[in-house]
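*Asks:* Mind docking chain B on chain A? Use the hints.
Residue numbers (our numbering), protein chains in the order written: chain A, -6 to 360; chain B, 30 to 402.
Keep in mind the hints are simulated off the structure, nothing from the lab.
These numbers were taken from a predicted model, which means no experiment stands behind them.
No residue lacks a Cβ here, since even glycine has one placed at the ideal position from N, Cα and C.
Covered by chain A, per the in silico footprint, the following chain B stretches (three or more residues, Cβ under 8 angstroms):
1. 45 to 53
2. 59 to 72
3. 147 to 154
4. 158 to 164
5. 201 to 211
6. 309 to 317
7. 346 to 358
Once the Cα atoms are required to be at most 25 angstroms apart in a straight line, the calculated PhoX-like pairs of lysine-lysine come out as:
8. A:Lys302 - B:Lys275
9. B:Lys42 - B:Lys399
10. B:Lys42 - B:Lys398
11. A:Lys302 - B:Lys77
Simulated coverage check for chain B against chain A, where a stretch passes if three residues somewhere in it have a Cβ under 8 angstroms from a Cβ of chain A:
12. 111 to 125
13. 189 to 198
14. 361 to 368
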Amino acid sequence: MIAYLWQILVLCRKELLAILKDPSSRAILFAPALVQSLLFGYGATFDLTNVPYAVVDESGGAASTELLARLDGTGVFKRAVTLTSTTQIGPAIDSGDVLLALSFPSDFETRLASGSDAPLQVVLDGRNSTTAGAAAAYVGSIIASYNESRGAASPITIERRAWFNPNLESRWNVMPALIATLSMLQTLLLAALSVAREREQGTFDQLLVTPLEPFQILVGKAVPAVVIGLIQSTIIFAVIRFWFRIPMQGSIALLYFGLLTFTGAAVGLGLSISALSLNMQQAMLYSFMTIMPLTLLSGLLTPVRNMPKVLQIVTYANPLRFGIDIVRRVYLEGAGFNDVAFDFVPLLAIATVSLPLAAWLFRNRLA
Amino acid sequence: MSFATRFVALTRKETRQMVRDRSNLLVGLLLPIVLIVLYGYGLSFDVKDARVTVVLEDASPTARSAIAGLEGSPYLAPVFVGTRSDAERAMRAGRTDAILIVPEDYSRRLASGNASMELLLNGVDATTAATIEGYVSGAIAIPLQRDADRGGGATSGTGSVVVDQRMWFNEAGESTWYLVPGLIVLVMTLIGAFLTSLLVAREWERGTLESLFVTPVRPLEIVLAKLTPYLVVGAIDLAVCLAMAKWLFHVPMRGSLAVVVAASLLYLIVSLSLGLLISATTRNQFTASQLAMLTSFMPAMMLSGFVFDLRNVPEVIQVVSNVLPATHFMSLIKTLFLTGDNAPAAVRTCSILALFAVVLVALCRRALKKRLD
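Isolated chain A (complex conformation):
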């Protein structure tokens, strides 16, 4: 028994050395986690910080001036151009120089003064309808507060509070998800290439004729990949926690238990791909083919709940969906084990199917 474990340990050490002895592969396994988490941390945001707009003010009155002052006061809306006629709105929006155009008709001031409603035309660039929708909502809220200040208050106010992310910053949503996503991309590929590389170089046959059992080979291949994945996750976690200072609500132990299960499932998929591939080109193509759908259908960018029902069912086979869910909920909501227990079920199922499958394929896929 001890000899059996010793063999596994020796194999793990050899595999880790094989991966890490090359400086370029060391660099490519650890530097990107740091660079990507910084780049995407700043780049992946839906929060409006800069909305250039155009104005056509045919009324030239006090009301339009005050409304514009309120817009500019947000620090988000910036007047890029002042147009003299509504016909210039088209080219301004087409060119992408402005996200929206406001047009105050000539009777705007007089209608307001006489106590009737005055229309304000807002034209938005819908090429990114998400940003456009957010900007429209922002303009709407500024106008609502302007109306209120003129005494047209609605009899009901809605007091809004957001749990887990009080300022509704989209970075808080995207970044914890990256802990799982970025490390999966590289570890799955790493695992997928591991056996394929040996197959291509012919050393896998040598490994198969040693006294090692397929299960030992499996553990020897899986453990280094899981360890590297967890190190990558830790780098990204540190950037989020200490550079972006997003507060961590839950327990670190549960977070890592979740990450360990998730990385195990991802490595299982990678090794199955690897055992199926005859060379590195195939391993790479198949893992790309796996990684793309896993990433985009994981809830990283858009919620799983917005998908059609059929696709939602398909995502039960996606470890990343549950990995992201565990990380987000433990990190942001401070969820306990009971809250996320269900997420572990698909992850364990994927791991228990894919890892033995890979071990079986080691021997039964000899080409």
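*Replies:* Only chain B this time, still in chain A's reference frame:
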């Protein structure tokens, strides 16, 4: 032997090699279809049936009528529970997206004109939370408006600014319309990255490139011969993507097809040569494949303006984004699909892409100089 004969001979060899490995063709031709179908349907920012848990601490008819709009909304799926703590438990367990609380004193305070409701949102997904907030306040405002109309128009008599809003290019505000053109960029990026990124690295590892060096072929001929067969595969993929955008997702194409095709082919050359350059410089399949993934997929998804609007990111990130060819192509293709032909933008983007292509091919040629070290 002339350039043409050598080029044709080499291209024929590369084509045979490509066709012989089934996985290449399978992935090269199947992947775009799978990607576009999955993502076209799977990616959506359009919230529907958001779960709103309603707690009516005031169960009077007045309170009920105020929230009646929630049930009529196609975007909201209200659920009623008895107490605030039940609702909060549901939120913690992830069974609801928002909680709306109508407090006990609602009707009384409404009579004096200062009633309030409480809306608790699960802020983890900030974008969805903001959308739900908009739908809930809209749903509550509708019955109010109706009551006001019944009561004889605006009671305050002060007049309000009303927003008359139009979203150009995407009147219904459907996210599919901007995501599908973006997906074409992603597909073109991926095709380039994974079809070519191992080509030369494999030959370096196996030593077959050195055998090629003793033949009369020149480095540029190797580069072009390796690009050509994959350019054909990529062109087929492009045709498939465009057809699906039109007939499956009904995204309008307001610009001219010729410009779309020309720009896409240019971009395809850029992304194929980027893959080839990675392959030629790393000389190692492991590093090449990791690098191909790192430089293609995630940057094209996160930094090119695919979903995240580049206007909102810090300047440093904008600089990084502009180094990516994907960013330029992304902006042009969205314009071509949704806005229409825009000659200055098309010329500018195509020149940038052409420049990228020339530089990358030149770098590949350099990396394949006949030299052993």
